[in-house]
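Novice: Spelled out, the chains give:
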Amino acid sequence: MSHTVDSLKTYYLIFLALMVLTAVTVGAAFIDFGPLNISIAMAIAILKGCLVLWFFMHVRHGNPLLKIFAVAGFLWLVILVAFTLQDYVTRPWQDFEANQRWIKHQATHFEARAALPGNASHGSAH
Amino acid sequence: MAKTSDKKSPLQHHFVHLNQQYDASQMGMWAFLITEILFFGALFTAYIVYRLMYPAAFGAASSHLDITLGAFNTAVLIASSLTMALAVHAGHTGSTRGIIKNLIWTIVLGSVFLGVKAIEYSHKFHEHLVPGPSFSFPLYPGAGSELFFSLYFAMTGLHAFHMVIGIIGLFILIGMAAKGRFNQEYSTPVEMMGLYWHFVDIVWIFLFPLLYLVLRHH
Amino acid sequence: MNSSGKKTNYLNASHTLSSWFLTVDHKRIAILYLITISIFFFIGGLFAALIRLELLTPAGDLFKSDEYNKLFTLHGIVMIFFFLIPSVPAVLGNFLIPIMIGAKDLAFPRINLLSWYIYVIGATLATLAIMVGGVDTGWTFYTPYSTVYSNGAVALTIVGAFITGFSSILTGLNFLVTIHKMRAPGMTWFRLPLFVWAHYATSLIMVLATPVLASALFLLFLERVFHIGIFNPALGGDPVLFQHLFWFYSHPAVYIMILPSMGVMSELFAAFSRKRIFGYEFVACSSLAIAILGFFVWGHHMFVSGQSMYAGMVFSVLSFLVAIPSAVKAFNWSATLYKGSISYETPMLYAFGFIGLFTIGGLTGLFLSTMAVDVHVHDTYFVVAHFHYIMVGGVLMGYLGGLHYWWPKITGRLYPEAWAKLSALLVFVGFNLTFFPQFLLGYMGMPRRYHMYPEEFQVLNVCSSLGASVLGIGYFLPLVYFLWSLKFGKESPANPWGAKGLEWEIQSPPTTHNFDEIPVVTEEAYAYAKEDGKHHG
Chain C
1 MSHTVDSLKT YYLIFLALMV LTAVTVGAAF IDFGPLNISI AMAIAILKGC LVLWFFMHVR
61 HGNPLLKIFA VAGFLWLVIL VAFTLQDYVT RPWQDFEANQ RWIKHQATHF EARAALPGNA
121 SHGSAH
Chain D
1 MAKTSDKKSP LQHHFVHLNQ QYDASQMGMW AFLITEILFF GALFTAYIVY RLMYPAAFGA
61 ASSHLDITLG AFNTAVLIAS SLTMALAVHA GHTGSTRGII KNLIWTIVLG SVFLGVKAIE
121 YSHKFHEHLV PGPSFSFPLY PGAGSELFFS LYFAMTGLHA FHMVIGIIGL FILIGMAAKG
181 RFNQEYSTPV EMMGLYWHFV DIVWIFLFPL LYLVLRHH
Chain R
1 MNSSGKKTNY LNASHTLSSW FLTVDHKRIA ILYLITISIF FFIGGLFAAL IRLELLTPAG
61 DLFKSDEYNK LFTLHGIVMI FFFLIPSVPA VLGNFLIPIM IGAKDLAFPR INLLSWYIYV
121 IGATLATLAI MVGGVDTGWT FYTPYSTVYS NGAVALTIVG AFITGFSSIL TGLNFLVTIH
181 KMRAPGMTWF RLPLFVWAHY ATSLIMVLAT PVLASALFLL FLERVFHIGI FNPALGGDPV
241 LFQHLFWFYS HPAVYIMILP SMGVMSELFA AFSRKRIFGY EFVACSSLAI AILGFFVWGH
301 HMFVSGQSMY AGMVFSVLSF LVAIPSAVKA FNWSATLYKG SISYETPMLY AFGFIGLFTI
361 GGLTGLFLST MAVDVHVHDT YFVVAHFHYI MVGGVLMGYL GGLHYWWPKI TGRLYPEAWA
421 KLSALLVFVG FNLTFFPQFL LGYMGMPRRY HMYPEEFQVL NVCSSLGASV LGIGYFLPLV
481 YFLWSLKFGK ESPANPWGAK GLEWEIQSPP TTHNFDEIPV VTEEAYAYAK EDGKHHG
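Residue numbers (our numbering), protein chains in the order written: chain C, 1 to 126; chain D, 1 to 218; chain R, 1 to 537.
A hint or two may mislead.
To be verified - Derived DEER-like restraints, expressed as beta-carbon distance ranges: (1) 161/D to 323/R: 37 to 45 Å; (2) 112/D to 63/R: 51 to 59 Å; (3) 75/D to 524/R: 56 to 64 Å; (4) 119/D to 305/R: 37 to 45 Å.
Hint data in this document are derived by calculation from the structure and do not stem from the laboratory.
Idealized CB from N, CA, C, for every residue including glycine.
Starting from the given sequences, assemble the full structure and let the hints guide the process.
Specialist: Below, the structure written as structure tokens:
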């Protein structure tokens, strides 16, 4: 069985790159980029993950089938996240403040109805 | 029964040749890693959902984690990935000594990681940050901070569990290497363990920014 | 290679206890699975019988309501996790896949044995949970009831289901690698029997979906046992998140159950029409299409759960798409019959039953994936009837049909054909009598999971309970005559049906290593001669 044997230099270079990227991500976290902070952190994490996959885990020497396998898991994770999030980001009632306003509005509505003469006995049954 | 009578050959009876056996092991390992991705993936999904719901609570709780220990551990784990890669490399060049030496280094670095993790856990324990009836986080008393710590313990705990399994596996590999089971033709178990170890490293590469670096610039 | 006289085979190769419990032979492991899942089938069936007994009368006179909650929960858990999910793959798939592709064993024989042990451990823990008080959450374990309020042995059951999940993952992983790497020379992808294609698609789901259930149950366990709140609304958690994670597995799990049975169907229709399956490539790819589409539709279980309207609409539309590959299969099987020389042996009766019941189950599934209709019939007996038409009418018909078809190969014995035909008839009639009235009950508004109901529902409920007893006899008969055939059945030739496929070219029962020489495949699957497939080269 013949393996494609990488030179040791490759491994040390990748190790160095991963260390540098770790330092960069820690440093970047302390600077305010607004909403970009999370994007930067994730971009660096994805880059680091790809370096490990590509070089340490030898995906680059793998056959096409292995490459499909290496991608499939992450792809399916994207499906899980994306289709779960399509629920959460489109929920009007997930907006906490709007939710509070709605509850308050309902409450005053029922109080107002309860205050009407003749409705006192069952106005606040809800 | 699974082994052929010829003790020297690692070829199992139902395979035609070593290449087929190697391909099968490699593919099986990758399929296993796919299941691991999705196993951790459900936790990441929960994390994303709750972070969207409670950005402020997650920021406050995350900033309370010890970033020095977290960054140190990240470096330690990346170093252990390097030594693991070197062990696999030694396997391919047929150096049993190289395998054993690098696996020992990997175990040492992995144990350092777990030790630091234990220190972090005990801090959280003393600060009443372990979710449950005694949980209290005065810096952000609103909803969401306890969820952050629930996910912190679930995710890092599961990750640490995988490392413990990995270290046990590394010890077994050292035993196999010492018995002379590996040579230039056959070091598949070392390679498979390498895939597992690197995968656990990748999980941490994502856990570190998500748990420690949410809102540091304030 | 035909059997002649007493030859050694995998059954009589050795007789010690350890040769069974430590075996790495995929065929023996299949037998171990066959025995264990049959036990769980009858346990689950016992719960079903008690449920139907309770529902004979409108008053809740046999069980208290919390006992009834435990009954339907245990019926669901046992049947789904310990019978339906492993049934066809772990028994028939395990036995047949290596033989069908011309291999001596699965890629990882020891992992195969391990997965059986994991299954047994998981199932034993869940059985233990039944003994120490049972569970009353429903098989879905919805939070926060399961984590905060339920008094049952939830934690133990979850651990059981969690562990069993790993058995399923390992089986799927083993099949995937086997089908990729162990095919005999000449066995190209489009020469594979459709049974193997269906199992390939099933294995993909097992590997991609099961870990998410494991993770969801892990979080649920943490919350219940260690009070680490993840889904608890008191801490701001969202119970619906658990439903998302749960159904990400549990909807595709329906296809883990049905796809292998569809694979069995393809074999049966080809063998008993003596024709190549019409549109072979389409049927093969439709299995993959079902497996993949199945991951995009889970939200149709959650239309009334508080998920957003937008998500509901997306999941609803996508759910309709699954009908396309399913219909491709049903139409192509029917088209296979055209101008075939059809024979009506027992397995074919099951195949006909499958097509009818699966079509009803599938079409009512479309009702349920229509959001507006689902809001009306959600959590009624309409849903119960629908998924029983798929899971029992579909999966179980496939399992029994397959078991009858390959029984001579597995045991080397023939079963009594007349009795088998009778049981197939009883199963079909009993099944429809049990579950068709439930469509009507649900549409009229009878909710599921209650042990009492208004009196106007009694006639239909009595019909249903009556059907269940017929069904019970139908299921019990095979147990009797299969066991009888082991001792008294006629010995089977290598190929009793005159069917095509590598499994019919080796002796019945096969030897431990299946093939003396790895075969070289030179022809398509189902290469029946144009006029008569009885004799083949």
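Novice: Does the Cβ-Cβ separation between residue 161/D and residue 323/R fall within 37 to 45 Å?
Specialist: Distance hint for residue 161/D, residue 323/R holds at roughly 42 Å.
Novice: Holds or violated: 51 to 59 Å for the Cβ distance of residue 112/D and residue 63/R?
Specialist: This hint holds: roughly 58 Å between Cβ atoms.
Novice: Between residue 119/D and residue 305/R, does the C-beta distance stay in 37 to 45 Å?
Specialist: Because 42 Å falls inside the window, the suggested range holds.
Novice: Range hint 56 to 64 Å: satisfied by the CB atoms of residue 75/D and residue 524/R?
Specialist: Taking Cβ atoms as reference, residue 75/D and residue 524/R lie about 58 Å apart, which means the hint holds.
Of the numbered hints stated above, none is contradicted by the structure.
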